[in-house]
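Engineer: Letter by letter, the chains look like this.
2 protein chains.
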Amino acid sequence: MAETGAGMELFRYRGVEKCVLEMIESGALRPGDRAPSLRSLSSRLKVSVATVSQAYVELERRGVVEARPRSGFFVRPQARRSATAPSKAAPATTSNTVNRGALIRMVLDTVGREDILPFGVATTAEELLPVKQLARVLGGVVRSAQRRAVNYGTVIGDPELRRQIAFRAIDSGARFEPEGALVTSGALEALYIAVRAVTRPGDTVAIASPSYYCFLQLLENLGLRSIEIPSCPECGVDPAELETTLDRFDVKACILSLNFNNPDGSLTPEDAKRRIVSALAKRRIPCIEDDVYGDLYFGAARPRTLKSYDEEGLVLHCSSFSKTLAPGFRVGWLAPGAFFEKAFEIKATTNVSTAMPTQLAVAEYLRIGQYDRHLRRLRGALHEQMELMRACVVEHFPPETKITKPTGGSALWLELPGLDSIRFFYEAKALGVGVAPGVVFSARDKYNSFVRLSYGSLWTTASEEGVRLLGALAARQLAGARD
Amino acid sequence: MAETGAGMELFRYRGVEKCVLEMIESGALRPGDRAPSLRSLSSRLKVSVATVSQAYVELERRGVVEARPRSGFFVRPQARRSATAPSKAAPATTSNTVNRGALIRMVLDTVGREDILPFGVATTAEELLPVKQLARVLGGVVRSAQRRAVNYGTVIGDPELRRQIAFRAIDSGARFEPEGALVTSGALEALYIAVRAVTRPGDTVAIASPSYYCFLQLLENLGLRSIEIPSCPECGVDPAELETTLDRFDVKACILSLNFNNPDGSLTPEDAKRRIVSALAKRRIPCIEDDVYGDLYFGAARPRTLKSYDEEGLVLHCSSFSKTLAPGFRVGWLAPGAFFEKAFEIKATTNVSTAMPTQLAVAEYLRIGQYDRHLRRLRGALHEQMELMRACVVEHFPPETKITKPTGGSALWLELPGLDSIRFFYEAKALGVGVAPGVVFSARDKYNSFVRLSYGSLWTTASEEGVRLLGALAARQLAGARD
Numbered sequence: 053m054a055e056t057g058a059g060m061e062l063f064r065y066r067g068v069e070k071c072v073l074e075m076i077e078s079g080a081l082r083p084g085d086r087a088p089s090l091r092s093l094s095s096r097l098k099v100s101v102a103t104v105s106q107a108y109v110e111l112e113r114r115g116v117v118e119a120r121p122r123s124g125f126f127v128r129p130q131a132r133r134s135a136t137a138p139s140k141a142a143p144a145t146t147s148n149t150v151n152r153g154a155l156i157r158m159v160l161d162t163v164g165r166e167d168i169l170p171f172g173v174a175t176t177a178e179e180l181l182p183v184k185q186l187a188r189v190l191g192g193v194v195r196s197a198q199r200r201a202v203n204y205g206t207v208i209g210d211p212e213l214r215r216q217i218a219f220r221a222i223d224s225g226a227r228f229e230p231e232g233a234l235v236t237s238g239a240l241e242a243l244y245i246a247v248r249a250v251t252r253p254g255d256t257v258a259i260a261s262p263s264y265y266c267f268l269q270l271l272e273n274l275g276l277r278s279i280e281i282p283s284c285p286e287c288g289v290d291p292a293e294l295e296t297t298l299d300r301f302d303v304k305a306c307i308l309s310l311n312f313n314n315p316d317g318s319l320t321p322e323d324a325k326r327r328i329v330s331a332l333a334k335r336r337i338p339c340i341e342d343d344v345y346g347d348l349y350f351g352a353a354r355p356r357t358l359k360s361y362d363e364e365g366l367v368l369h370c371s372s373f374s375k376t377l378a379p380g381f382r383v384g385w386l387a388p389g390a391f392f393e394k395a396f397e398i399k400a401t402t403n404v405s406t407a408m409p410t411q412l413a414v415a416e417y418l419r420i421g422q423y424d425r426h427l428r429r430l431r432g433a434l435h436e437q438m439e440l441m442r443a444c445v446v447e448h449f450p451p452e453t454k455i456t457k458p459t460g461g462s463a464l465w466l467e468l469p470g471l472d473s474i475r476f477f478y479e480a481k482a483l484g485v486g487v488a489p490g491v492v493f494s495a496r497d498k499y500n501s502f503v504r505l506s507y508g509s510l511w512t513t514a515s516e517e518g519v520r521l522l523g524a525l526a527a528r529q530l531a532g533a534r535d
Numbered sequence: 053m054a055e056t057g058a059g060m061e062l063f064r065y066r067g068v069e070k071c072v073l074e075m076i077e078s079g080a081l082r083p084g085d086r087a088p089s090l091r092s093l094s095s096r097l098k099v100s101v102a103t104v105s106q107a108y109v110e111l112e113r114r115g116v117v118e119a120r121p122r123s124g125f126f127v128r129p130q131a132r133r134s135a136t137a138p139s140k141a142a143p144a145t146t147s148n149t150v151n152r153g154a155l156i157r158m159v160l161d162t163v164g165r166e167d168i169l170p171f172g173v174a175t176t177a178e179e180l181l182p183v184k185q186l187a188r189v190l191g192g193v194v195r196s197a198q199r200r201a202v203n204y205g206t207v208i209g210d211p212e213l214r215r216q217i218a219f220r221a222i223d224s225g226a227r228f229e230p231e232g233a234l235v236t237s238g239a240l241e242a243l244y245i246a247v248r249a250v251t252r253p254g255d256t257v258a259i260a261s262p263s264y265y266c267f268l269q270l271l272e273n274l275g276l277r278s279i280e281i282p283s284c285p286e287c288g289v290d291p292a293e294l295e296t297t298l299d300r301f302d303v304k305a306c307i308l309s310l311n312f313n314n315p316d317g318s319l320t321p322e323d324a325k326r327r328i329v330s331a332l333a334k335r336r337i338p339c340i341e342d343d344v345y346g347d348l349y350f351g352a353a354r355p356r357t358l359k360s361y362d363e364e365g366l367v368l369h370c371s372s373f374s375k376t377l378a379p380g381f382r383v384g385w386l387a388p389g390a391f392f393e394k395a396f397e398i399k400a401t402t403n404v405s406t407a408m409p410t411q412l413a414v415a416e417y418l419r420i421g422q423y424d425r426h427l428r429r430l431r432g433a434l435h436e437q438m439e440l441m442r443a444c445v446v447e448h449f450p451p452e453t454k455i456t457k458p459t460g461g462s463a464l465w466l467e468l469p470g471l472d473s474i475r476f477f478y479e480a481k482a483l484g485v486g487v488a489p490g491v492v493f494s495a496r497d498k499y500n501s502f503v504r505l506s507y508g509s510l511w512t513t514a515s516e517e518g519v520r521l522l523g524a525l526a527a528r529q530l531a532g533a534r535d
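Protein chains in written order, with the working numbering: chain A, 53 to 535; chain B, 53 to 535.
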């Protein structure tokens, strides 16, 4: 368990940084103020003086504080800057054929490239995943259940895994039987099956705007049209706006990711979720829910799923272990409600069943009871990485930059009025920094002045340098735009 | 390597059985003849006298030979019967919407049920798969390549695996670069991607008749029409008949499995394959090739793939390791030729990428050079199982039964004039024996007097008893039909 020790030390040190940055951002510490002493922070945060000292050295290196001989650390003048949330888009007045494929492939091209900082892709750093433990569990299950690992599994998936998935759904307020869940090769396959189960080519599907680009790519690929409902970074999807859209357009299905929508990180309030489910049910419109970030909340309680408000079986709930455990395992699930039979058929004719060894490994990992503890640590780490990246953006980006403050998920959403996000993407890539240009998050040309930065990768000095480079690049581009 | 020892002993003993059965079937041994002595067979087949003795005891138990005190073994009177191949269907005159879903689900319902003999499903017995070795290799790669196993792989799949796949393709006469292959979750996913890459809903796709029922299910699920080209159990698909169909119908693509077509086991001759590729190329019609049985030939040389005759990139070659290594691993591939970009997009939007641990395990298994040796043993075992099951059918089924003698693959195709295969399926299931009723292998009501029996499972006394039960059941049904 070497990873745990190293990880905990890292998190402690980051915790101190985060605390100081929050005091600065909240105004509790102003430029020129003396920062709390090593001793006081040490006792308040219950970490060693050495850890606090390390954090201050780091904050000094980043220009947030400065050391004055015999006097301690002081907040530097430029350390605080205002940061407001980006704006919400205007409602759509027409539906679109979706055509973002080429642009999205360009972004995906940077996935897994070691020469590019991975701010452009929403993956969780492997340092935050229980890699060794999963490898051990996988090795164990293939030894003890060789025959089950090698033979065909059933179309719906391993019974123990489905039992664990159904059991965990209770945390999000939902109840479905293990027989009501279908194991899929990741959440995207769940979404693909769900979309095919409830639409035909040419149909119109309502999605939030901005939305995860893979939704757009999927709709494009299946010959579907999209109609975009504005998502507000601070309050998610407004049920009234959804209803207006449903009244005006012949919407056949809806794809929503209301718990930390990717890219704007918005969390739609519980009451709004309830109203959304009811508005869709009233019209008998199936609702495809993507909840891959639901477990990655920074607040006190897990937000509920749309599935938990579903009384008619119209919610097709999709999720996975890709953001929280092992993306390479490709284990996700679909609880398709009333559309089970159709979903079953599509799974059976797409690839028969999901790979068994990884199903068995995830089932065993859940069974031995390590998952919740891991999730707690992961949430803490992501929360801290978000704060660190956000503070760094606030510090290095032009003053007109607007930025979200997500309460979960893995990405920041920035608006830089006047930016050309495609040009920004290419220039950043040339500097070795990946970003996701805003344009890929809508089928309409709406977000070209937006950029998504993922904080899923471990925060290092290289990350900091990357954000600094992006900030300088943005400043140059905006200055050029003003000329 | 305990499995190898036991396996080899089993195969030796089977080899003797097979040799005697072949002599009986060829007429070299006639009813009443004295069978070769233990000593002569032992020296001829290079096995111990004990092994030959064991084989004779088994053949006696099955009623093929009888022991006469102090005289040795003699062929029993009913041991030989003629067995001709089933008939070929007439060419189709119209295309069909495909609607076999419900019937196929009924057959698939018996998959993995331990209370039903698995003659109904085309799987390879786990006793013939290198289960322990694969488990060891998988355990090893997840230890040594933990990070690669857990993280996202690329859309196209592990480079080493693709290199091995491209290298192995040379055996079948084909050449494509590792970059020209896309790793998929089994061959069915490769087919699904291939079909979607070259068709739109409503299009007509030419398939052989009979064809693997999953092709029909896939076409039905994607809203496609099929036009059936007769496949002859003894000579496969006739290029002239294909050309006639292409001239009469607006065919947008073709799905062919010319190496041991499932269910009729037919092998289309090389010259016919060449003409088929050329006929399709002349009309610019993409050809989707399913080659999952290509490596399971009983003859001297591996049959070539359609891909090996493809000069235009119009052949989309699909295959997998599911019949030869590990169905539960879900590792297959697609070499989509000119349709690479479209195939890439469909894979990316279906499930992003194939599970990494199983990809790494298969790549490593191929790399360490065990696969060819395993394939040789597997082919030998399947060949023997085919002979044993076939002899048993000849022995126990009504005399009017026609049966194939496949030169590869894993299934026998039986025609019983007057049989109702759906009723037969239900009655056999009630007796604990799975069969695949002929009707599921065509979208037209063509094969209701046919049954497919898979010999992929290990041949045991239970198998023999199962075939005996089926024979009696068929006799009763045919007698009833004549009344």
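Just to be clear, a hint being listed does not mean it is correct.
Repeated chains share a single entry, so a pair holds when one copy, or any two copies, can fit it.
[Claimed, not checked] No farther apart than 20 Å at their CA atoms in a straight line, the calculated lysine to any residue pairs in the SDA-like style are these: (1) 304 with 86; (2) 394 with 158; (3) 394 with 161; (4) 394 with 274; (5) 184 with 74; (6) 457 with 300; (7) 457 with 286; (8) 304 with 274; (9) 184 with 496; (10) 304 with 273; (11) 304 with 364; (12) 184 with 203; (13) 394 with 450; (14) 481 with 206; (15) 334 with 353; (16) 184 with 419; (17) 140 with 394.
The set of hints was computed from the structure by calculation and includes no laboratory data. Please read all numbers here as calculations on a predicted model, not as lab measurements.
Engineer: If a hint holds in the structure, say so; if it does not, say that too.
Structural biologist: Going through the hints against the structure:
1. 304 with 86: Close neither inside one copy (59 Å) nor across copies (75 Å); limit 20 Å.
2. 394 with 158: between (34 Å within a copy, 15 Å between copies)
3. 394 with 161: The answer is between: 16 Å across copies meets 20 Å, while 33 Å in one copy does not.
4. 394 with 274: This pair counts as both: shortest intra-copy Cα distance 16 Å, inter-copy 12 Å.
5. 184 with 74: Neither: 33 Å inside a chain and 54 Å across chains, both beyond 20 Å.
6. 457 with 300: Neither: 33 Å inside a copy, 63 Å across copies.
7. 457 with 286: within (8 Å within a copy, 69 Å between copies)
8. 304 with 274: Both: 14 Å inside a copy, 18 Å across copies.
9. 184 with 496: neither (43 Å within a copy, 53 Å between copies)
10. 304 with 273: Both: 17 Å inside a copy, 19 Å across copies.
11. 304 with 364: Result: close within a single copy only, 16 Å intra versus 40 Å inter.
12. 184 with 203: between (25 Å within a copy, 12 Å between copies)
13. 394 with 450: Neither, since 51 Å and 40 Å both go past 20 Å.
14. 481 with 206: Between copies only: 19 Å across chains, 44 Å inside a chain, cut-off 20 Å.
15. 334 with 353: The answer is neither: 29 Å in one copy and 64 Å across copies each exceed 20 Å.
16. 184 with 419: within (17 Å within a copy, 24 Å between copies)
17. 140 with 394: This pair counts as neither: shortest intra-copy Cα distance 36 Å, inter-copy 34 Å.
Against the hints set out earlier in the document, violations occur for numbers 1, 5, 6, 9, 13, 15, 17.
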